[in-house]
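**Student:** Protein sequence lines correspond, in order, to chains P and U. At position 385 of the first sequence the residue is numbered 385 (the numbering used here), and the sequence of numbers has no breaks. At position 318 of the second sequence the residue is numbered 318 (the numbering used here), and the sequence of numbers has no breaks.
The set of hints was computed from the structure by calculation and includes no laboratory data. Just so it is clear, the structure is predicted and the values come from calculations on it, not from any experiment. All C-beta atoms in this analysis are idealised placements derived from N, C-alpha and C, irrespective of residue type, glycine included. Be aware that a few hints might be false.
A few chain U residues that don't get close to chain P, going by computed Cβ distances all over 10 Å [unchecked claim]: (1) T33; (2) E139; (3) R151; (4) T264; (5) T328.
Chain P regions said to be covered by chain U (calculated; three or more residues, Cβ under 8 Å) [unchecked claim]: (6) 54-66; (7) 94-102; (8) 126-135; (9) 242-248; (10) 260-274; (11) 369-376; (12) 407-415.
Cβ pair distances, simulated, as ranges [as the list claims (entries may be wrong)]: (13) P:P225 x U:P137: 58 to 68 Å; (14) U:S309 x P:E419: 36 to 46 Å; (15) P:E412 x U:E352: 53 to 63 Å; (16) P:Q78 x U:E75: 53 to 63 Å; (17) U:Q272 x P:P225: 28 to 38 Å; (18) P:E412 x U:L385: 44 to 54 Å; (19) U:R42 x P:G36: 56 to 66 Å; (20) P:S348 x U:A276: 26 to 36 Å; (21) P:E101 x U:R42: 51 to 61 Å; (22) U:S309 x P:E412: 51 to 61 Å; (23) U:P137 x P:E233: 42 to 52 Å; (24) U:A120 x P:S354: 23 to 33 Å.
Now for the letters of each chain:
Number of protein chains: 2
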Amino acid sequence: MTAAPQKSAAQNSASEFSIPEDAIPMGFRFAATRVGIKPSGRPDMACALADQPATAVAMFTSNRVVAAPVVVGREHLQTTSGSVRVVIVNAGNANCATGAEGIAACTSVCKAAAEQFSCALQEVFPSSTGIIGVPLPAEKLISAMPEIASRLGSTAAHLQQFAEAILTTDTRAKIAFARLMVNGAPVRLFGVAKGAGMIYPQLMPHATMLVYLFTDARIPTADLPSLLHGAVEDTFNCISIDGDTSTNDTVLLLASGVSGVALTPANASDMQAFAAALQQVCASLARQIIDDGEGVGHVVELRIEEAASRADALRVARSIAHSPLVKTAWAGCDPNWGRILAAIGYSSVAIEPSRISIRIGGHLVCLNGGRAPGMDANQVHAAMLERNFQVRVTLGMGSASCNFLTSDLTAEYVRVNAEYST
Amino acid sequence: MTAAPQKSAAQNSASEFSIPEDAIPMGFRFAATRVGIKPSGRPDMACALADQPATAVAMFTSNRVVAAPVVVGREHLQTTSGSVRVVIVNAGNANCATGAEGIAACTSVCKAAAEQFSCALQEVFPSSTGIIGVPLPAEKLISAMPEIASRLGSTAAHLQQFAEAILTTDTRAKIAFARLMVNGAPVRLFGVAKGAGMIYPQLMPHATMLVYLFTDARIPTADLPSLLHGAVEDTFNCISIDGDTSTNDTVLLLASGVSGVALTPANASDMQAFAAALQQVCASLARQIIDDGEGVGHVVELRIEEAASRADALRVARSIAHSPLVKTAWAGCDPNWGRILAAIGYSSVAIEPSRISIRIGGHLVCLNGGRAPGMDANQVHAAMLERNFQVRVTLGMGSASCNFLTSDLTAEYVRVNAEYST
């Protein structure tokens, strides 16, 4: 194996450390500015520029109501067969449920970017996140184009600004990166994400979570989809804050090739090492999204084991993750495993209650479908005082399993979302 | 038509009026007592006795994890082909996830009732509601059997006590009744329910919502299922507080026959009138359950129209009703229709966003998938200050429709459920 992860900070968030300069993929520049879309007046427009066309692949939401930038971005990638020069993101307005005017607004922003950066219209990839159903003030983004172009740069500060401008109700930037050595040469992989609410991304191969993954490896467009799908399936598609699948979810992977290091299926071990690094970066971003979810008090890792199939394991995980009664019990550090059992029971998966065992924070609470002998509720309660704990369910129906990351449901979540737009 | 509703108070809850003595079905007696299962020390054991065996039908939860009384009650009804003498209910303990001991505890309570009331074991119908996974203290119920028998009576006060003893986190008793004249003779129909949490009953023909329906009409057992299914489908199966389908949901209909009025399919118009009265009583109880749901601030009637099928309409309704983002917006009286549109989009129903319109409290907020021209957010907000309002969705895909009753999601719901058992 010629590739080995040299450095990885995938478990840390940006707020905890500064971005090392040598973690930044070559061939990209970044900028952000404020154009007045966020009511808070914080930076709300971000731009990533590939100096030369980057090979690109994206995954979008499976919601049947999709935002204008999802429609436009998908079309652009199809037209160029996966080539991107410019990514333009605005936060504070989702440009969704805005009809033909929304599409026109999105396209006019792309046009302005294409002119500014002397590329084809279809080489511009647009993203929006924020409130649904409010016309996008395209003119604000268009008139800021020269300014954002003048701010572009490839330092850690520039990337940090990009990562902050795309946030909405997030409280901090979400960043993860990895560096690989391939045949003695470094390859960089850098990911930026935003999340906070409406988080249950169910991404389709053709995903208001926005994720941008940048690498300076050279990867043929044809090889990007399987790389991205592989990484997304166990990460972004296995997280949920509220079960609300957004209209705008997007994950974009761009490869500039500027490192000079080529990754192809022919070199299987390098490709595998890159895929592992990509998965690690995505897993870190996915965890950061849950950890910074609206009002989240606890991050809960669901581990479903001994399911008849992975699909069954995921169905059980989702049923637990979306049960308000389970989530509120977690908020109260309440070892009420009966609610978990009930959620398993209505998951539509064929289960046998007498075979089910449940562990919370390592403590066996339910054995063979009943209260575990000697279960000490106070001990379990103590384990649940931790911000992170695991709920492990053994179904006894087979050998399939899944990990699924979710959160509790707190009064703060309600407050944040009951006061959103009015 | 020989039957006409003479009197109906189905829209009122018990707390708002006293039960008229002539609303009480003949042939039943009721009692309640405290046995120390509810930590509050309030009455927690209830009994309904049919002086002669009543014809009976029940519907139970579709959850694959079912409580012991559901298992035992179903078996008893099968054995007797639908005949019940005694209903024994305890509140504060669901006797669920309690294994073989739970079944044995339930059976021992039924045995004590059978001895007390000199009937067959299988003529006893048991119900439990409360916390899951805690052994039922059967001995408390058994030793209270002589006392509860001594308290039986058929006055309004007795019925009121029955209705109160079955409550858990409910704040008030849920009662509805109707009186019909059939060929000049009165037939009485009386319903009692409890709800509050884990409320998304999906009842199966063979439902912690408990509903007891008593009538003094004489109805052959064979005719009861279609009557009850018809009434449940549009009422209890079209409500949800939190999407959590309970392990204990039960609806029981008992017909004593003591009025002397026989209802048979041969007399179609009488049967139809009775079915209508039954539906009205169930609809009232269903609304009372939502209105008294845990932390409920708003009762929202979803009206889904122009769906391709009723199944599609229901799927859209459930997706909206279970979206935490939609429910929190309602809690904040926030006319954020974009969240409703997003929930429609991920409902898995084939929709066309450009055909969708949404009305909140009578105000058009979304037209053809976008913001309705002239929509005044302040006006809509004002309409949402009402405790009850309607959300009407027009899909433009067909002619099927449904009504579905649900609630907002408040910080109080979180408080109630985060402090439940510890």
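**Student:** Name the hints, by number, that the structure is in violation of.
**Tutor:** 5, 10, 15, 17, 18 and 22
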